[in-house]
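Protein chains: 2
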Amino acid sequence: MLADAKRTLTLSDLDTPCLVVDQTIMLRNVARMRSHLASLGVPLRVHLKTVKSLAAARHVMTSPTGPAVVSTLQEAEQFGDAGVRDILYAIGVTPNKLDRVAAIRARGIDLSVIVDSVAAAEAVAAKSRQISSPIPTLVEIDCDGHRAGVPSTDLRQLVAIATVLQRGGAELRGVLTHAGKSYSCVGMSALEAMAEQERNHAVACANALRQAELPVSTVSVGSTPTAAFSRNLEGVTEVRAGVFPFFDLFMTGLGVCSETDIALSVLTTVIGHQPDRGWILVDAGWMAMSRDRGTARQKVDQGYGLACDLMGRRYPDLIMVDAHQEQGILAVREGSSAKLPDLAIGDLVRILPNHACATGAQHDEYVVVQSSSDCIDARWPRFRGW
Amino acid sequence: MLADAKRTLTLSDLDTPCLVVDQTIMLRNVARMRSHLASLGVPLRVHLKTVKSLAAARHVMTSPTGPAVVSTLQEAEQFGDAGVRDILYAIGVTPNKLDRVAAIRARGIDLSVIVDSVAAAEAVAAKSRQISSPIPTLVEIDCDGHRAGVPSTDLRQLVAIATVLQRGGAELRGVLTHAGKSYSCVGMSALEAMAEQERNHAVACANALRQAELPVSTVSVGSTPTAAFSRNLEGVTEVRAGVFPFFDLFMTGLGVCSETDIALSVLTTVIGHQPDRGWILVDAGWMAMSRDRGTARQKVDQGYGLACDLMGRRYPDLIMVDAHQEQGILAVREGSSAKLPDLAIGDLVRILPNHACATGAQHDEYVVVQSSSDCIDARWPRFRGW
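Sequence lines, in order, name chains S and U. 239 is the number that the numbering used here gives to position 248 of the first sequence; each next residue is one higher, with no gaps. 109 is the number that the numbering used here gives to position 118 of the second sequence; each next residue is one higher, with no gaps.
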């Protein structure tokens, strides 16, 4: 019993399904992104919405105090409480969130916000005056028609918003853009072009504000694909990226990483077979994988994920072709001549996900292993909510 | 300040996004299903994977002690600890889960399991012998080629599995089937036919076991669509259903319910506009809605959900056409002549989901209101994990 208690736990000791991170791969991914941006001379502001874990964040940020970017105020509170001091909340802020923003700033955290309308800018300015403390604010620019932001061609609107902030009592910190369209660019030249488009629009907008004698200290760009494929960041002061520590099958489909760069997987147990249909059933369904089917729109549809053995070695063309709430169906990809592996009830399989952010969000912790090992080195709690 | 503290909280006081349940609608849905099954003389075993909440479960089960069905052992533990005594774990059990099954049974909970292979049956029998306590087990039948189970035509295999259980020391309790294909049946006649197919296969398999002199006390069928459209349940001893208390847009698309029967919604705040594209941006993205796009395969694609005002009144044809992690894009459905409503930054909207199970799983609590009211009556915590 004593020997048992002291034995290192392995993946085979876990209840399934659960979330596994290969730390060897993760640290390699982080080092590569840091080195790339260092070569371009621009600091990395890591988006912590992907990891949502204090323990994981320490490995992916460039320093324990940040800089970081978040997508919820709950993330700002959690990471702020853990010592991160420079946090950007990168979703358009609304009046009903400004009390929480002020409370976080009152704890000594340099939380900045973004706006893309005069109405939101007026609300931030009013709150700044009310608390007698200028809330640092960036104007969000739309560089590709993807989502939010002032159209980068609408300089009149851009200057109007910035003026409301600056004259109204907020702190105009600069501009921010996110080339979300990079998620539909495939291959090096398309990604390089999108990175340049993102940079170009952000810098042009920053210059327009400067010409209007408005202060711009921050020019923030980023997405994992454009961060990885940027070749010139002149005029940019920081790059944001989030999914790069883990990567996923969607990023593989874009050509941003290879399958062997994917650090995240879901560990699952074989629960049955339907031999007539060529199916192996496992206990990871969409609750464990998420409903994300991002690769369905790509050239190679990976189903709900790509199957690997316990040590992370891929089974040729074995994918999760369908998922129910707590059951997944593994089968050989259509058109492939690969053989269905001989897996028995109780055998363990690891599934690489479509989208690390979505799959991670379904779990409350990471089980940490190193490459080519099934020994559990650590468990990193995750949080969620708003 | 005192007046403020005593004031009833309303939806406008909440941080968004959050999950709202209209209890008036929920209780009406529950009463309708109970009344339908009572008219057929068969008890309802509610699937608690949808609600995942002790407080909500009390309103949907027919008694505080059950019967209930669950999709994870964590659900069995949580509901068992809360006093539910009759629990069926309806995912094929594996050897690595049997210690947990035994531990739950040792707490006085009548937890039953299902198997669809000789290998799994042997594992359950061996564990039963080891703990000197027969684990009640049903054999899962495949009635429609949808997922798991012994093909209902393979009576030899069915009898072999049941024999392993019965002779090996487990308790053979009966058969179970789930007409998952009902999720692609549209309209009354298709749903009625699928309900009859589900019943017919289950009863035939039960009779085959009886002819082999094997005991069958339970003949369990169900899915929300077949439960709602069953017309004859002769030979069936219980019906399982889960999503009926909440319903969702997917069920509406099948014709199982109407939009006004949907009790679940996500409350969200307007964060911006892209007038050139006819978009309203909100702070509920796929993290709040889930990535479930079940209606994409149906005649009416509801995007990531259908928008209502704060009181739950639907905006004509306003749907969430796209979702990012923490942002959703509302727009008028393609082809509709409806006008984009005039919503300002900070306004609140409620979004009806594609799939109640998936959307619910993204949240840690239900905020409870009554129909035509925005007053918060209760908050029901949800749990998750395995």
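There may be inaccurate statements among the hints.
[Stated by the list, open to error] Computed far set for chain S versus chain U, every beta-carbon distance over 10 Å: (1) A46; (2) A114; (3) E204; (4) M278; (5) R282; (6) Q289; (7) G376.
[Stated by the list, open to error] Just so you have them, the derived chain S footprint on chain U, three or more residues with Cβ under 8 Å: (8) 169 to 178; (9) 266 to 275; (10) 328 to 341.
Keep in mind the hints are simulated off the structure, nothing from the lab. We put the beta carbon where it would ideally sit given N, CA and C, even for glycine.
Hint check results:
Every CB of chain U is more than 10 Å from the CB of S:A46 (nearest about 18 Å), matching its label as outside the interface. A beta-carbon of chain U is positioned within 10 Å of the beta-carbon of S:A114; the least distance is around 8 Å. No Cβ of chain U comes within 10 Å of the Cβ of S:E204; the nearest lies about 26 Å off, and the non-interface call holds. The claim that S:M278 lies off the interface is violated: its Cβ sits roughly 6 Å from the closest Cβ of chain U, which falls inside the 10 Å cut-off.
Taking the minimum C-beta to C-beta distance to chain U, about 4 Å, the non-interface status of S:R282 is violated against the 10 Å cut. Every C-beta of chain U lies more than 10 Å from that of S:Q289, the closest at about 15 Å, which supports listing it as non-interface. Chain U draws S:G376 into its interface by the beta-carbon criterion, the shortest separation being 6 Å against a cut-off of 10 Å. Coverage of the region 169 to 178 of chain U by chain S is violated in this model, with 1 residues showing a Cβ closer than 8 Å to a Cβ of that chain against a need of three.
Only residues whose beta carbon comes within less than 8 Å of a beta carbon in chain S count, and the region 266 to 275 of chain U has 4; three or more means the coverage holds. Requiring three or more residues with a Cβ within less than 8 Å of a Cβ of chain S, the coverage given for the region 328 to 341 of chain U holds, as 3 such residues are present.
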